[in-house]
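Asker: Here's the letter readout for the chains.
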Amino acid sequence: MYSSLASAIKDAEAQQKSIGVLALETESRDQARPVAEIRDALARALKVMRAAVDRGMTGDLHSASGLVGGDAAKLREGPAGPLAGTPFRDVLARALAVQEVNAAMGVIVAAPTAGGAGVLPAVLTGLAKARSISDEQVITALACAGLIGAVVAERASLSGAEGGCQAETGAAAGMAAGAATEMLGGSPAQVGHAVALAQQATLGLVCDPLGGLVELPCVFRNATGSAIALAAIEMALAGITFAIPADEVIDVMGEIGREMDVRYRETAGGGLAATPTGRRLARERMVQIKRSGV
Amino acid sequence: MVSLLDIIGPVMVGPSSSHTAGACRLGLLARCLVGGSPERARLELHGSFARTGEGHGTDKALAAGLMGFRPDDERIRSALEIAEREGLNYRFEKTTLSDDLHPNSVRLTVERGAHSHIMVGSSLGAGRVFVTEIDGYPVEVHGNSHTIVLLAEDVKGSIARIAAILADDNCNIATLRLSRKERGGDAFMVIEVDEQPSESVRDAIRSLSWVRWTHRLDKVSA
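In order, the protein sequences belong to chains A and B.
Using the working numbering, you'd call the opening residue of the first sequence number 1105 and step up by one each time.
Using the working numbering, you'd call the opening residue of the second sequence number -15 and step up by one each time.
Each hint should be verified, as a subset may be incorrect.
As the list claims (entries may be wrong) - Just a few of them, taken from the derived set where beta-carbon distance is under 10 Å, the chain A residues facing chain B:
| hint | residue |
| --- | --- |
| 1 | Ser1111 |
| 2 | Asp1134 |
| 3 | Ala1207 |
| 4 | Gly1210 |
| 5 | Ala1254 |
| 6 | Ser1263 |
| 7 | Val1356 |
As the list claims (entries may be wrong) - Chain A stretches covered by chain B per the calculated footprint, using a threshold of three residues with CB under 8 Å from any CB of chain B:
| hint | stretch |
| --- | --- |
| 8 | 1144 to 1150 |
| 9 | 1161 to 1174 |
| 10 | 1212 to 1218 |
| 11 | 1240 to 1251 |
| 12 | 1316 to 1330 |
Rather than coming from a laboratory, the hints here were simulated on the basis of the structure.
Glycine is no exception: its CB is placed at the ideal position from the N, C-alpha and C atoms.
I would like the entire structure built from these sequences, with the hints used as guidance.
Answerer: Below you can see the structure in the form of structure tokens.
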């Protein structure tokens, strides 16, 4: 797989292909598997993503600790805000839904990780619905997202313990932004700008979950990560360019991750986890988890 | 090499790719050492596995893996009750194994019938796992290939014999690592192969008089 988005963009342009198709062909060569088989695996992933969105929207799920749950349904059915009825609000609801399923030990697709699993399904299925895009195109977009994630894995990290939340929901936002830009007709170069625009917005984002649990703020970071992806998509498709190439933005994300104090890398030693309320809630909830036998 | 399906995947029961899916895969690998669900297991959780494992269902996921459930199996949620119902005795302890070990690590002591083995493994993130030790021998197993592990007396020509058995089964060796604790002592072999070896490979290796034991570790990644 590619370790540079610039070379993927160059190859896609030279071969007049989308980055998604290029990703499928490259994976086929790397793994000695037919493209159809890879598409089938991605189709299964898409099915699981949609099921998680639907399950999470029902609003009756709660995590073992009781810290999160029921918020996707509020966006779906609660009072209208300025963005009521827009794809924006629908995407936020979908991101919360998937993460609420994840926190309740439901089935999700780690994309790239479980903690950042809400962004990609929310953005892709939400925009596919809004623009009546076929499943075949969404599957190609998932391949495009996979290529972007592979580049981040090679150049930086996809682990909150290594690189903070910028490596999980940040990477997910970059993947979703690039993939959806292409799905909506953007060029390979526009994919690069979308990735850079999304990833630059999450630089420095710490991983600070209460009690170390993938719940708070993870669930909400997936919604705000999706919002960042949508902003990047809108700007990239409008022809806005970001002067620092995506590869360099990803490199700097890796650098910031390596410099990040261990308190901000999934250890619950800093950030929101270490606030007075964060500590109190974590203490109370861990007692509850033990009592419920989880 | 990073695969698309490692990035868009695995399909898994939440909430954590490292603490839940990775833990399940480590259980699946330890299960292979005794050729089925262990009747007894002692699971020593280290680092972040010990600190936040309960909230992430790490204990359930490890038990599920030992019983052969995959990371996307919803029975993970009730794995501890299932194990109890099946009469399987799985005990969890919190400990510090060693300072240089990855923060998400576990030592699994598994017993089934006359077989008893010890495995140390880590969960590296995004569901990827790494086995660092089997029965005290240092190994490097990632579970993304079919792997054969065996303990043999240190006899000359042993590698050639094993390689010939694999070639006869049309298995291509991807990597081979050999370690021993001392000269003339037992040799520990870890062989990653491209194709799934047949049962006859295991039988053929077992029939060699100088092989103490051998097991096939399944591919546990997507």
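Asker: Compare the structure with each hint and give your call.
Answerer: How the hints compare with the structure:
Among the interface hints, the one on serine 1111 of chain A is violated; its C-beta lies about 15 Å from the nearest C-beta in chain B, farther than the 10 Å criterion. Residue-level restraint check for aspartate 1134 of chain A holds (minimum Cβ-Cβ distance to chain B is 6 Å; threshold 10 Å). For the restraint placing alanine 1207 of chain A at the interface with chain B, the shortest Cβ-Cβ distance is roughly 5 Å, inside the 10 Å limit, so the hint holds. Here the hint on glycine 1210 of chain A is kept, as its CB sits about 6 Å from the closest CB of chain B, short of 10 Å.
A cut of 10 Å between beta carbons decides the hint on alanine 1254 of chain A: the least distance to chain B is about 4 Å, and the hint holds. About 4 Å separates the beta-carbon of serine 1263 of chain A from the nearest beta-carbon of chain B, less than 10 Å, and the hint is met. Checking valine 1356 of chain A against chain B: minimum C-beta separation of about 20 Å lies over 10 Å; hint violated. Chain B is given as covering the stretch 1144 to 1150 of chain A, and this holds because 4 residues of the stretch bring a CB closer than 8 Å to a CB of that chain, at least three being needed.
Here's how the stretch 1161 to 1174 of chain A fares: 3 of its residues keep a CB closer than 8 Å to some CB of chain B, so the rule of at least three is met and the hint holds. With 7 residues bearing a CB less than 8 Å from a CB of chain B, the stretch 1212 to 1218 of chain A meets the requirement of three and the coverage assertion stands. Beta-carbon proximity to chain B at under 8 Å applies to 5 residues in the stretch 1240 to 1251 of chain A; the threshold of 3 is reached and the given coverage holds. As drawn, the stretch 1316 to 1330 of chain A meets chain B at 4 residues by the rule of a beta-carbon pair under 8 Å; at three or more, the given contact holds.
Going down the numbered hints, you'll see the structure goes against 1, 7, while the others check out.
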